[in-house]
Amino acid sequence: MLKTFKIGGVHPAENKITADKVIKKLPLPKTVTIPVAQHIGAPSKVVVKRGDMVKAGQLIAQSAGFVSTNIHSSVSGKVKKIDSVFDSSGYKKESVVIDVDGDEWAEGIDTSPDLIKTTGLDAKAINKKILEAGIVGLGGATFPTHVKLSPPPGMKAEVLLINGVECEPYLTADHRLMLERGEELLVGIDLLKKALGVDRAVIGIENNKPDAIEHLLVLCEKYSGIEVSPLKVKYPQGGEKQLIKAVTGREVPSGALPIAVGAVVNNVGTALAVYEAVMKNKPLVERIVTVTGKSLANPSNFKVRVGTPVKELIEAAGGLPEDTAKVVSGGPMMGKAVANIDIPVAKGTSGVLIINEEEGHRKEVLNCIRCGRCVGVCPMGLEPFLLMTLAEKKIWEKSEHENVMDCIECGSCSFTCPANRPLLDYIRLGKQTVGGIIRSRK
Amino acid sequence: MDKILTITPSPHIKQGDSVKKIMYTVIFALLPALAWSFVVFGIPAVVVTLTSVVSCVLIEWLIQKYLMKVEPTINDGSAILTGILLAMNVPAGLPLWIMVVGAVVAIGVGKMSFGGLGQNPFNPALVGRVFLLISFPVQMTTWPNVTQQAVDATSEATPLALVKEGLKSGSTVPEIMQRIPGYDELLLGNFSGSLGEISAALLLLGMVYMLVRKVITWHIPVSIFATVFVFTGILWMVDPMQYADPLFHLLSGGMMLGAIYMATDMVSSPMAKKGQLIYGVGIGLITVSIRLWGAYPEGISFAILIMNAFAPLINNYVKPKRFGEKK
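If you read the protein sequences in the order shown, they are chains D and R.
With our numbering applied, the first sequence corresponds to residues 1 to 442, in that order.
With our numbering applied, the second sequence corresponds to residues 1 to 327, in that order.
In isolation and in its complexed conformation, chain R is listed as follows (with noise of 0.2 angstroms):
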């Protein structure tokens, strides 16, 4: 017999998707969002997006090399999803060096410091995110003029903020509500705020397509939406004059990128369906306590981060539906 066969364990045909696919399909649900912020914002954004992209490839590119002494993978897509995310979290114009240190600590100590691709606990960019948060308030909370914002001149905040400041200040959310954009232009993304805040409708496109192409599936972003919205819901009708509505806190700041793209990181979400339903109605909990009591405007980073590090314990005490189990 001339012709040496292969032998290996059954199964012998694979489905064909892989971790490439799943980080590309990521990265094209994006792309509208991202395009819209580069209209709104214009060429600063496209400067912070290409900043943020480059250097965490490189980032990655360099430790693997020559830290890991691995063969790089950095064409598997996931350090360029990284860098488009974490671009995602800042305002347009940030400066570019303060760019460049968020993707340092977003690949050099969110990911390849516990191994790389896979291995970290936390999601990456927001690790980075965060970071840059504490390390440069001002910088990461001065936001662009908005071309097209009419409503307020001088609004550089986001409409979170203002709800925030504006209660301090002893206004009440309707007041405070004359003065933020409507529905239908939190909706669309006429408004202030990070490369990702602002198009909510965008970002749930891409959700759709994902949903499709089953990179996520509905139950981390459905169960962060549906407790945010029975949460913050509640306490409306308790007190309108305190608190805002549960649709503006689904359209508003990072609800719609962190509950979408964030959160719904395969890395570090649980695995099985239920522990993925915990992990959302954690995150929606965490996220509105800190938008409503906490120090900052914005929770959702936090929440996700929090929840992040429950994920194995989530993994280890909640099993998937054995077949044949004994009750």
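For reference, chain D alone in the conformation it holds in the complex (with noise of 0.2 angstroms):
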């Protein structure tokens, strides 16, 4: 029996197009486009101005707290302008747009593929390493590395969980990098055990990858102290709780962190771009994402650099289709639908996915018949119908009681239903509502 999280979960079709993809390096865009904000927490302070020439993994906005991080060139050039721009959350954003020029990196970086494997940096350094390269999550939800890294008072992790289980359909970047970065990734992975203090890794791979869980279970034989944990396909098993869940049997309480279970997780992008930090001294300033889609001519999975615009990244996977109803910046189950494909791509861009005219559009929505399903399939143990009625209602009060906010807005409820109630939509309002009224009362 393979592990998995126990409460329910659906299995949507995978459709993972472009798993035998090797990735490719995307050629520099003329210019980019780096938002101030892609991450979880303050926005950046920029620190350079109109007409500065920059290097590429320069630092060109400072990290403005504790929870908010650094934020690099991703090319060499000139500073065009700093502007608002539309980001792939629909709003306009501080951002740092640079004309490229060449391929010049910052002194100190090294590019160059050479593996390198020990360090004599103590956990203290690694995670100021972490926080200088300016290193979010990189599965999406783009929470700054270094404070995951460092547990609150009187709190210790025992297990640190790396996330390569890329539940949702159709994105296959992190299997990609399992694939062909393996190496790379395991030497990242023991870094953060550094870090955290903790002697013991477990890597959670569903079952759809057999060929990643081979390769790293060949490569972990040399390293001691990191496990690879294969699990039974079901999403939402990326999601940290049901991660922890599946992988240690611990379930995170109500409303606390993962610390609390003595877990700490991240993605296997993140691992491997402690790696680069660390070792090769490189910032976060390029990602591996995937591109697909049904209609679409070439889906790929490429190396990018920050900020350059998602048209591109679709142009070089065969153009837009002409019968493209919507483009999502992410997986279909979380992603953000986006207006305009000129955004660019930021540090928690996963996957860029065309939908066709086909499944782009929401289908009418009937009487709900009370047939239980969004019930059955929320991992968290809600009732989506319920709450979805105390949102259209106002009922906050009962909302809350119900525990609206332990949502983790998977979408399995919306997927699942057969009258194609928008319930996740619903549950949304109402998170942000019991959220501000709890805030309130503080």
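The hints are simulated quantities; they were obtained by calculation from the structure and are not laboratory data.
Take these hints with a grain of salt, some might be off.
Unchecked claim - Pairs of lysine to any residue residues, derived as SDA-like cross-links and limited to a Cα-Cα distance of at most 20 angstroms, are as follows:
hint, chain 1, residue 1, chain 2, residue 2
1, R, K20, D, K431
2, D, K16, R, K14
3, D, K6, R, R322
4, D, K431, R, T8
5, R, K321, D, G376
6, R, K164, R, P137
With the hints as a guide, bring both chains together as one complex.
As structure tokens, then:
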């Protein structure tokens, strides 16, 4: 029996059409647009001005607090302007726009492919490097990694979980990373272990990536304290709480952080970024992005510089198909539909999904037939039908009592509803309102 | 940029199951048992079924079009399903005007008065059936002779009615059982009853199909069967002269049709699995109580309706296990 989480879950069609597409380096764009708020926490403070010449890897915006991070230029060239530009959120955000000129890297950055396995750095020094390199969670949540590695006083991490689940349909960026950058990934995990002071790390991988599981199992033999845990394919196993439950059997209490059960979860992409930051001195300025969709001519996995317009990725994958209805930044279950494709790739952009006309529109909403499927699939054990009604009727107190704040917005309820009810839309409304009420109490 | 993109919140994909698919899956699951009733009871069964289905669909259409003034949704299949279930709950040869009255009550009172599909607290087909049973007790309990029925030529009564009457007149259960078809007959459907009462095997086949298609889960039918089995089993072991054995109770009457197709009606049953178990146990207990000590030989329709009334209460108090619940 393969491990998995116990409550709820769905199994959408996997559609991993890019699973065997080797990661290609995307050619440098003419300009990049780098938003200063591409992570959870305070937007970083810009430290360059218009007309400045910058090199790839050079700091352009500085961390503005503990929960914040540094941002570096992903290219070399001239700062064209500092302006408000639309990003994937649909809002205008302060961004540094750089005209690309050549590909010159800042001093001290090792861009060679040579593998470096050992370092004399201690936990504190590693954590400092991670903060300096601007590393955030690359699974999509973009929570600053140095914060995760600094447990609050009195809490102690016991196990490091590495998220190689990639439970979102279509996406294969993490899958390819595990296959092609396995050795570097393991060094990165070793560094994270050291930074956290734990002696055990487990990489959770869903069973639909047997090649990645096998590859890492072989590599792991050379590293003590790193295990691979194959997991049954079930969405949303990549959710932090679900992954912890699946691998360790522990349940993070409602409202608590993973550290409450001694676990810290980091994505495989994050672990690779840690390797590059610590061993190669390279800040987080590029990432792997899956560009995919049923109608797309050449779905691919690209290594992309942060700030590259999404449009260029789509062009490189064969251009926007005629029957495009939606462009989603991220996967189909939790990704964000974007209004235009000029928006830049950010640190958290794991995929660009093109959805065709056939699947791109919502169907007519019917009466709830009380089939209870939303209750059955909710991985947090909530009652989505009830939370939706409570939000519609604006009954916030009961909404809070029914644990609306526990919702992880995985979308399993809306996905499964046979009456096409917009359950998650209303639950988000409930979460936002109830969250506001809770904050105002303090 | 020339292409205008659609914006919606996530998720951006759908499982592909729809209300319509669910309804037609249940209808499909019922077809073997329905077809068998046509074989056993002949043309009258076909006529009764057609009357019921056509009336149900027509009444829903009329009410939606002219009373509620909304776009009729009769092609979602729910009215057809109610029609079939209602027909399976009456004897073949029921006067057709009574069948139409049943359809009006089922759809008009049981379903549309609450706002249509999804809003009704009670199973509409059962509302129709119970209304007919109370209003037209004679017609509703006049079962046609089954041609293959060799055991007792005068037996128009159902096995459950025979037991009830027999006990009243002082016979013991083993004596009565002599006049009742064997378990193989009960399983295959060689005896008299309502259209949907006679073939346990085919109804079970439909259950397996619905379980595989994930239209129902095992919780409701299994909890009903288990409760009935245990409850009647205890009584049977205490006094086999006065109480029929558990297998007889499972195979006779509307047990299969009720537990598999009527109690599992999504709209009127609880939503969480734990709640469904409580609901099933409730139905089992009430059914057996009515069968053994009530005025009617069969009680599952009443039992389901009573537990339907409790479903909102169960939903309110029986919550699914929350992830990370503080104990």
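Are the Cα positions of K164 (chain R) and P137 (chain R) separated by 20 angstroms at most?
16 angstroms, holds
Run the distance test for K16 (chain D) versus K14 (chain R): straight-line Cα separation, threshold 20 angstroms.
Holds. K16 (chain D) to K14 (chain R) sits at ~17 angstroms (cutoff 20 angstroms).
Agreement of K6 (chain D) and R322 (chain R) with the hint, judged by alpha carbon distance not exceeding 20 angstroms:
11 angstroms, holds
Please work out if K431 (chain D) and T8 (chain R) have their alpha carbons no farther apart than 20 angstroms.
Roughly 18 angstroms between the alpha carbons, so the hint for K431 (chain D) and T8 (chain R) holds.
Run the distance test for K20 (chain R) versus K431 (chain D): straight-line Cα separation, threshold 20 angstroms.
It is violated: about 31 angstroms lies between the C-alpha atoms, which goes past 20 angstroms.
Assess, step by step, whether the Cα of K321 (chain R) is no farther than 20 angstroms from the Cα of G376 (chain D), and give holds or violated.
Satisfied, since the Cα-Cα distance of roughly 11 angstroms is no more than 20 angstroms.
In summary, the structure is inconsistent with hint 1 from the numbered list given earlier, while agreeing with all the others.
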